[in-house]
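Protein chains: 4
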Amino acid sequence: MSSSFGQLFRISTFGESHGGGVGVVVDGCPPRLPITVEEIQRDLDRRKPGQSKLTTPRGEADEAEILSGVFEGQTLGTPIGILVRNKDARPSAYEDFKDVYRPSHADYTYEAKYGIRNWQGGGRASARETIGRVAAGAIARKLLQQETGLEVLAYVSRVNDIRAEIDTDNVTLEQVEANIARCPDAKTAEAMIERIDSARKDGDSLGGVVECVCRNVPPGLGEPVFDKLEADLAHATMSLPASKGFEIGSGFAGTELTGIEHNDPFTIKDGRVRTTSNRSGGVQGGISNGESIIFRVAFKPTATIRKPQDTVDSSGTARVLEAKGRHDPCVLPRAVPMVEAMACLVLADHYLRQRAQTGK
Amino acid sequence: MSSSFGQLFRISTFGESHGGGVGVVVDGCPPRLPITVEEIQRDLDRRKPGQSKLTTPRGEADEAEILSGVFEGQTLGTPIGILVRNKDARPSAYEDFKDVYRPSHADYTYEAKYGIRNWQGGGRASARETIGRVAAGAIARKLLQQETGLEVLAYVSRVNDIRAEIDTDNVTLEQVEANIARCPDAKTAEAMIERIDSARKDGDSLGGVVECVCRNVPPGLGEPVFDKLEADLAHATMSLPASKGFEIGSGFAGTELTGIEHNDPFTIKDGRVRTTSNRSGGVQGGISNGESIIFRVAFKPTATIRKPQDTVDSSGTARVLEAKGRHDPCVLPRAVPMVEAMACLVLADHYLRQRAQTGK
Amino acid sequence: MSSSFGQLFRISTFGESHGGGVGVVVDGCPPRLPITVEEIQRDLDRRKPGQSKLTTPRGEADEAEILSGVFEGQTLGTPIGILVRNKDARPSAYEDFKDVYRPSHADYTYEAKYGIRNWQGGGRASARETIGRVAAGAIARKLLQQETGLEVLAYVSRVNDIRAEIDTDNVTLEQVEANIARCPDAKTAEAMIERIDSARKDGDSLGGVVECVCRNVPPGLGEPVFDKLEADLAHATMSLPASKGFEIGSGFAGTELTGIEHNDPFTIKDGRVRTTSNRSGGVQGGISNGESIIFRVAFKPTATIRKPQDTVDSSGTARVLEAKGRHDPCVLPRAVPMVEAMACLVLADHYLRQRAQTGK
Amino acid sequence: MSSSFGQLFRISTFGESHGGGVGVVVDGCPPRLPITVEEIQRDLDRRKPGQSKLTTPRGEADEAEILSGVFEGQTLGTPIGILVRNKDARPSAYEDFKDVYRPSHADYTYEAKYGIRNWQGGGRASARETIGRVAAGAIARKLLQQETGLEVLAYVSRVNDIRAEIDTDNVTLEQVEANIARCPDAKTAEAMIERIDSARKDGDSLGGVVECVCRNVPPGLGEPVFDKLEADLAHATMSLPASKGFEIGSGFAGTELTGIEHNDPFTIKDGRVRTTSNRSGGVQGGISNGESIIFRVAFKPTATIRKPQDTVDSSGTARVLEAKGRHDPCVLPRAVPMVEAMACLVLADHYLRQRAQTGK
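Residue numbers (the numbering used here), protein chains in the order written: chain A, 34 to 393; chain B, 34 to 393; chain C, 34 to 393; chain D, 34 to 393.
So here's chain A without its partners, still in its complex pose (with noise of 0.2 Å):
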């Protein structure tokens, strides 16, 4: 179904950018898991919008209240429900543009498929869904640290053309957090930093890739054909909003190499079946192989932009589109928390299907 993902670790996401509220009931989280609603809002602060100067000035406060499922602390084993009000609704901003598709946006397509929709706002095409995403993540995340000491870790890896070098083996969650471009790379980050910066006072907007690292990954997770890791990341990925890329490992630029310079040679080291390089990028044959778990997504630039554009309305008068207001010039440094969710919901629910596999 659209709005569920996953097998047995499965969520399923609700609600509009207008309406009463956003949020998610999380089914198949196994009992007994220490979790607080800190924890989840943790990550929803990193995904809201307004938290720096290079997002949308929309001061939303993305408070989650926990509905279910969680007792005394520790999951029940019963469907976790957490909901997320919406507070900053204000429809008379999209009033004057009610009809008007707005270039690659969904307005089009989901007037196409629905013939109706709610044109307060983005509707479910709006980024503000991943807040349901971004707080089963962080159960999803709990899951896996507890059980496996998995750790999940993305960062912005590029902007427009500014590309970060990145030690991934090494780099930590409070470099990502020590800059509010989400980059590591302190120096890279600043001139990232400037570029947006400069998009947001052009009134245009800037692309970019994020990477990710699963570090800890015990070897045997992933399945062979449909459910390979690899095609579940690439689907949970795709499905975020703005991105159009995936790639594992060498990726795009592995396919330049040969069979015998991209092939990564088996070795023991410390009594473990290891690879002395990763171009697999932690991943054979669709299952983890105990390396890092290494991915990028490639985000357009945001739709949004504050430069008159040429469209049409829906009764198909040539239109010109002026947005005024808002404008997020850069999705990049919310989406790092967005990738992380994903990441962290198929890497759970992977988890699960081998214990169901091997009862361990």
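There could be a bad hint or two in this list.
The list treats identical chains as one, so a pair stands whether inside a single copy or across any two.
[Stated by the list, open to error] With a straight-line cut-off of 25 Å between C-alpha atoms, the simulated BS3-like cross-links for lysine-lysine are:
1. LYS302 <-> LYS340
2. LYS393 <-> LYS175
3. LYS302 <-> LYS131
4. LYS120 <-> LYS131
In short, the hints are calculated from the structure, not lab data.
Please read these numbers as outputs of a predicted model, since none were measured by experiment.
Starting from the known structure of chain A, arrange chains B, C and D on it as the hints suggest.
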């Protein structure tokens, strides 16, 4: 489940590269669709090894038998079972290396996951598993043609660093099939063939990119949130053996544009809402907008090469692997029908989902 | 997943009897269906405790809030989130017995399964969980009415050994709602009310049977094999708290007929294929034949009684449980809207599935 | 999907009664389970027609071939494909009546749903479809035995109005298989056999009840809400051809008890929590409590009889059907392995689901 794909046009594949056979069960295909075994065989023949000097010399017939679900040339609405017998079983070719983990194959990860594997070949990780997908894809393709006129066409757009120029609006199946590289740019195809043949002689292998264009797509296919069309296409194609990356429309390159450069302006053409550019790749907000869907899949150089490689065996002993005999220097030409099949499966599924939503 | 139901009209419920609230997410409801919160509330009010002297005196308001998916009185095609807050939380009522396993409740089995439970009431096993189902069922009912004219009506047909006589062709909602027993046979209803009231005074409880009739069912709903209509109806209703049996058409009694007595002859009436009897209960080979679907659900006497009972606590000590306060002597009248809701959910799901198959 | 069942131990069946063959794909069976084709054949032989004078004389061999997923006597963890060829195809037997809707068969409803059907027999509605289920059930049974010691045993408990007395604690497979009625009460079995044989001679048919007992069930299997164990068992068995009712524990009869008579008191026996009665039928709140699971399935008299019956054909003309030749006067003895298979499939699925939740 690991071996099922799709919600309404749902397939389940089975079979290892060695054993009784491989096949597929297609559940959910509408009734009264005319389909013949020849239509299925056509795509299987494009997939099979040994069809040209570029691929492994394994001369498999890969002959399909329809076991159920088709009666007097039409689908019954009940599950379509298709079986392809394994013929060329030569376990002895693998016996010498049955304990050795072949680099960048799935030997080690299957062992880590299951504690057992069929060492007589690649098991489920073998490209042979894709027979079931390609057979099912032929049925999905027929359904799409019949009901919507939708057309899916893939081709090799890059081998290593050799790039083809392709006109996505006008490229034809005849052009694709005109050479053994399956590259519709005839001149570039020659260079590709030469390079692949040279890699074959070296015992080395090459990767590259398959591009796929879907034309005459009705607007409204795909769903918000988790089952966005690009998310399902990414899932589908990243589940193919050797795939390392996916991108749609402007993809990774598009992230170096700004918003004003990247957005696709709307216009009215022939009374229909159209865009004047197609950086979106035919999908906006996860839903088709009626423009051509264009996506690319990166395939790594195939892992099987005929050069000595360092590895270990299951006892933890260092070994040098020197593969003999068969060797497929470049999977790309055979990957073309696989990519098409996955696209057809995704689109047929979303076509039925949309029909459930709107009744037409 | 344990808290989701349906394939295309899919619901996920959440919430314990104590905690923030209970609710449901409905995913897959087609767009542009007119629906109001009042239509949902109508069925919730028939479900709620305290509506008559026959039920628990717990006076819960059970007021529904639509959180998402409905805009200006119409469904958007996106998930419909509905929340009902818990108001009457009185954990102290349960505190004395928090370690005691109440006989024929789920206390022990939840503990055995999860190693934790919310002892402040019945948790997910509480009938309060059905709020989400009934709310979702009201939407499914509206969809069926609107699209097909299909009508679903349930009623109490037996309390303990008191049997009603009901004309399934002509029984009306007004007749059902005319008395607090929800038995459309007015005379028998009086006897039922008397018997239930007497059980209430005794601190004892009663079981019985709810019958459900679905009229104006289009032929062709339901699927061969695992998702036969009767299989899904059995699944749906056997998932209601306290249900112990299900039968369709001639049911258990019909097994004492021979084939010649049992088969339903076909005939032509008003140009349509009809049967002259309906021992099949409107379903043949798992698929509706256009006759009324008639099924029955057996509900055991409710487990909560006010008589002393032998049991044990979680330390393994023998205890005598003497429940105080609340007590619902017969769940049947409140089970009527629950059974209707489950039937509507199954039929709406199969209606959409059939629409996917045939496009109409 | 209509032809798949189960979440983690998931089966997809295919095949019509006439055509290439019938079979099943089992996806999700854990690796390294020892299984032989003989273990599968054993249950198939109990299911096949022609095994005694009580059943249709169709002497089908129903020989199973394992196509995949088993290697050197053990499961690989990958899909297990099983195929049984159709041998006894005699379309001519059906040709005369290919346009006639046989009363209480699925001919008319398939036609109404699909607009096409394989008239050379019962198609997917044929009992032949259950071959795939029984084969898969044999694997599920082995998994349960191996991992938990759980034992599933069914038998005929009633034919028409002839009731057997069975001690559910001590009944054995040997007693069940001791006579062709599969009724472990030897004396009653004789009466049943006589009655069935007499119906056979009359060209009439009989229904009845199959009871199933599951012993050594670990507490904690099953889930709250929609996937309660009884709901899944009801779904599973109500999907068998000719089933009209399901009940668990006290069932329909138990609704005539009051709460104090019906509740099962808890006690401690051998250090374990037990109940002193078992009106719950081994399941409380949808979850196993460690007592034996006992349920019953009602089967109508088989629809195929050799007496003249009024019906219509597809042109709407009144016809009299006089079936010739084959005729199975009572499906009950052959339904026994089908019921066992469905119970094994449900329990194996919930066993894996519980393992995912708790890791053991």
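Cross-check of the supplied hints:
For the identical chains of this complex, LYS302 and LYS340 are inter-copy neighbours only, at 24 Å across copies versus 56 Å inside a copy, given an alpha-carbon limit of 25 Å. In this assembly of identical chains, the alpha carbons of LYS393 and LYS175 lie at most 25 Å apart whether taken from the same copy (18 Å) or from different copies (20 Å). In this assembly of identical chains, the alpha carbons of LYS302 and LYS131 lie at most 25 Å apart only when taken from different copies (22 Å versus 61 Å within one copy). When the C-alpha separation of LYS120 and LYS131 is checked against a cutoff of 25 Å, the pair qualifies only within one copy, where the shortest distance is 20 Å, while the shortest distance between copies is 39 Å.
Against the hints set out earlier in the document, no violation occurs for any number.
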